[in-house]
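Chemist: Letter by letter, the chains look like this.
There are 2 protein chains.
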Amino acid sequence: MIIDRLIEKINETGNPTVVGLDPRMSFIPEYIKKECFEKYGETPKAVAESFFMFNKEIIDATYDLIPAVKPQVAMYEMLGTDGFESYINTIKYAKEKGLVIIGDIKRGDIASTAENYSDGHIGKVKAGSREFEIYHEDFITINPYMGQDSVEPYFENCKNYEKGLFVLVKTSNKGSGQLQDLMVEGGKTLYETVGGLVSDWGNDFIGKYGYSSIGAVVGATHPEQARKLRELMPHTFFLVPGYGAQGGTAEDLSVCFDKNGLGAIVNSSRGIIAAYKKDIYKDKFSEKEFAQASRQAVLDMKADLRRCI
Amino acid sequence: MIIDRLIEKINETGNPTVVGLDPRMSFIPEYIKKECFEKYGETPKAVAESFFMFNKEIIDATYDLIPAVKPQVAMYEMLGTDGFESYINTIKYAKEKGLVIIGDIKRGDIASTAENYSDGHIGKVKAGSREFEIYHEDFITINPYMGQDSVEPYFENCKNYEKGLFVLVKTSNKGSGQLQDLMVEGGKTLYETVGGLVSDWGNDFIGKYGYSSIGAVVGATHPEQARKLRELMPHTFFLVPGYGAQGGTAEDLSVCFDKNGLGAIVNSSRGIIAAYKKDIYKDKFSEKEFAQASRQAVLDMKADLRRCI
Numbered sequence: 520m521i522i523d524r525l526i527e528k529i530n531e532t533g534n535p536t537v538v539g540l541d542p543r544m545s546f547i548p549e550y551i552k553k554e555c556f557e558k559y560g561e562t563p564k565a566v567a568e569s570f571f572m573f574n575k576e577i578i579d580a581t582y583d584l585i586p587a588v589k590p591q592v593a594m595y596e597m598l599g600t601d602g603f604e605s606y607i608n609t610i611k612y613a614k615e616k617g618l619v620i621i622g623d624i625k626r627g628d629i630a631s632t633a634e635n636y637s638d639g640h641i642g643k644v645k646a647g648s649r650e651f652e653i654y655h656e657d658f659i660t661i662n663p664y665m666g667q668d669s670v671e672p673y674f675e676n677c678k679n680y681e682k683g684l685f686v687l688v689k690t691s692n693k694g695s696g697q698l699q700d701l702m703v704e705g706g707k708t709l710y711e712t713v714g715g716l717v718s719d720w721g722n723d724f725i726g727k728y729g730y731s732s733i734g735a736v737v738g739a740t741h742p743e744q745a746r747k748l749r750e751l752m753p754h755t756f757f758l759v760p761g762y763g764a765q766g767g768t769a770e771d772l773s774v775c776f777d778k779n780g781l782g783a784i785v786n787s788s789r790g791i792i793a794a795y796k797k798d799i800y801k802d803k804f805s806e807k808e809f810a811q812a813s814r815q816a817v818l819d820m821k822a823d824l825r826r827c828i
Numbered sequence: 520m521i522i523d524r525l526i527e528k529i530n531e532t533g534n535p536t537v538v539g540l541d542p543r544m545s546f547i548p549e550y551i552k553k554e555c556f557e558k559y560g561e562t563p564k565a566v567a568e569s570f571f572m573f574n575k576e577i578i579d580a581t582y583d584l585i586p587a588v589k590p591q592v593a594m595y596e597m598l599g600t601d602g603f604e605s606y607i608n609t610i611k612y613a614k615e616k617g618l619v620i621i622g623d624i625k626r627g628d629i630a631s632t633a634e635n636y637s638d639g640h641i642g643k644v645k646a647g648s649r650e651f652e653i654y655h656e657d658f659i660t661i662n663p664y665m666g667q668d669s670v671e672p673y674f675e676n677c678k679n680y681e682k683g684l685f686v687l688v689k690t691s692n693k694g695s696g697q698l699q700d701l702m703v704e705g706g707k708t709l710y711e712t713v714g715g716l717v718s719d720w721g722n723d724f725i726g727k728y729g730y731s732s733i734g735a736v737v738g739a740t741h742p743e744q745a746r747k748l749r750e751l752m753p754h755t756f757f758l759v760p761g762y763g764a765q766g767g768t769a770e771d772l773s774v775c776f777d778k779n780g781l782g783a784i785v786n787s788s789r790g791i792i793a794a795y796k797k798d799i800y801k802d803k804f805s806e807k808e809f810a811q812a813s814r815q816a817v818l819d820m821k822a823d824l825r826r827c828i
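Protein sequences, first through last, are from chains A and B. Its first residue numbered 520, the first sequence is counted upward by one per residue in the numbering used here. Its first residue numbered 520, the second sequence is counted upward by one per residue in the numbering used here.
Bear in mind the hints are in silico, worked out from the structure with no lab data behind them. It cannot be assumed that every hint is accurate.
[Stated by the list, open to error] Some residues of chain B that are not near chain A, with every Cβ distance over 12 Å (derived):
#  : residue
1  : Gly-533
2  : Gly-560
3  : Lys-616
4  : Asp-628
5  : Tyr-664
6  : Tyr-680
7  : Arg-746
8  : Arg-749
9  : His-754
10 : Glu-770
11 : Lys-801
[Stated by the list, open to error] Derived lysine to aspartate or glutamate pairs resembling EDC-like cross-links, with alpha carbons at most 16 Å apart:
#  : chain 1 : residue 1 : chain 2 : residue 2
12 : A       : Lys-707   : B       : Glu-750
13 : A       : Lys-616   : A       : Asp-579
14 : B       : Lys-707   : A       : Asp-700
15 : A       : Lys-564   : B       : Glu-604
16 : A       : Lys-645   : B       : Glu-561
17 : B       : Lys-693   : A       : Glu-671
18 : A       : Lys-564   : B       : Glu-650
19 : B       : Lys-564   : A       : Glu-561
20 : B       : Lys-643   : A       : Glu-561
21 : A       : Lys-693   : B       : Glu-806
22 : B       : Lys-707   : A       : Glu-704
23 : B       : Lys-821   : B       : Glu-531
24 : B       : Lys-693   : A       : Asp-668
25 : B       : Lys-778   : B       : Glu-750
26 : A       : Lys-564   : A       : Glu-604
27 : B       : Lys-645   : A       : Glu-561
28 : A       : Lys-564   : B       : Glu-652
29 : B       : Lys-564   : A       : Glu-650
We put the beta carbon where it would ideally sit given N, CA and C, even for glycine.
In isolation and in its complexed conformation, chain A is listed as follows:
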């Protein structure tokens, strides 16, 4: 079960942090940009290549401290085919370093189409008599708006290839409540209703530590709702975005963890990958030392989380 591997990596590192590999041009040091523009001109290929070089240095500087990385596919998808090459290269490189990969793709479609997403991202794709693994993620994020029949096509690949899902339940954005917090029939909110479904879907995927490979996305920015969901979904592992830049604190998200300090992994993206631009690090680390600043930010985040869980 992939959830067991994730939990073991969290225990080994003592750090329930996932580094969000969401590069943006404004984060990339000048010397990397320069090298890529000189090599490929001012092209999407150059941007994509600079993202990969940036990610590689961050992975090198942090892989011994963290269990997982979560590349956000939008940053790469934006760049077309070159971006996807960078996305896949990033995943392969992080895998070589032993990291668990959470592909933040938030896909969702009717069953016959979901099969294609499923095969591409967490299964295998046929070409004649041969089979290929394309994206190499361990987990992917999924949007539940279309209902259970749009999620089921991922289950078979989860079984066959030891993969997992994090289904959007209560997202970290400010406006998430507009639909997710609505009271629906049965006296629950929409996010609780979705939470209940995700918990049920996970029953066939529970590993040796009591958590399921079918997890939930629960934002750090909504502690009251997260507390409710932790009670409602005792076997569901949480992927928790919203720490740091989006405003969620370690205190806020402490409710996502169980009494043994397990049950969640907390994402930070720009707070780690662009640490060298932050006031607290920029005097200590030059632009060339951006990856060392990221390492320090991981250590600081780990200490911050461990203070509260």
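Starting from the known structure of chain A, arrange chain B on it as the hints suggest.
Modeler: For chain B alone, kept in the frame of chain A given last:
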């Protein structure tokens, strides 16, 4: 306004049909597969190239009869970078033939990430001092589960580049009701609530025919719900999936149109692109004539729709 161009194309062709370019290996004629496997081996590249060759022939055989095509990105995404090349080439080719492009991508994410999807798909992407258009769609489909702040980042590109959206409201899959039909506070269902939001979002994008460039996905398979939405959303254009293979009939979806026979565009994917495999066409058209079978299927669908609207 892109919605005006879509409506004008519908009026010119007298045909509110969008051809879903959702290729699958089982649809591709043997001679195309053979050519691609000989050229590229049994690889994702060969599959992706066969999809493009297949799409090209279908576009050539139907572009004068239809206003738009809707490639489903999952079929291409499944194949990695080669798949996205095929997706983009398909879009560019269809554009050269004057077709409106609806990219069926169903993306949805927090605002700072949605900006990347928006720029990549319907805006422009910066590389140094240069700007690039990457995917070239005219419309894209969007998932609303994360709320208004996850949809707003698309509006600016819609304004600046004359693009449009179709937001998922009531989807065509059997299980769509599990969440979408739930009664929520205010005495409405979730899909009606989302419908109301989409209608509001569209107010700044209403074109000269009274319809907005911010449209809604409303499945042909749920006529009662579609009828309600048509009343609730008089200025919202509907993208209607579910006709044919998914079970929706022309009678079912007739409620999506207004009294002037406008207001919706109906998708058919395998019913058109794999027509040559259907009993009613396979005696008349050989495998090599698959695109002519698609042309006949478009004509038959047009007649079927016009019977009811």
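Chemist: Could you tell me which of the hints above the structure violates, numbers in ascending order?
Modeler: Violated: hints 2, 4, 5, 12, 19, 21.
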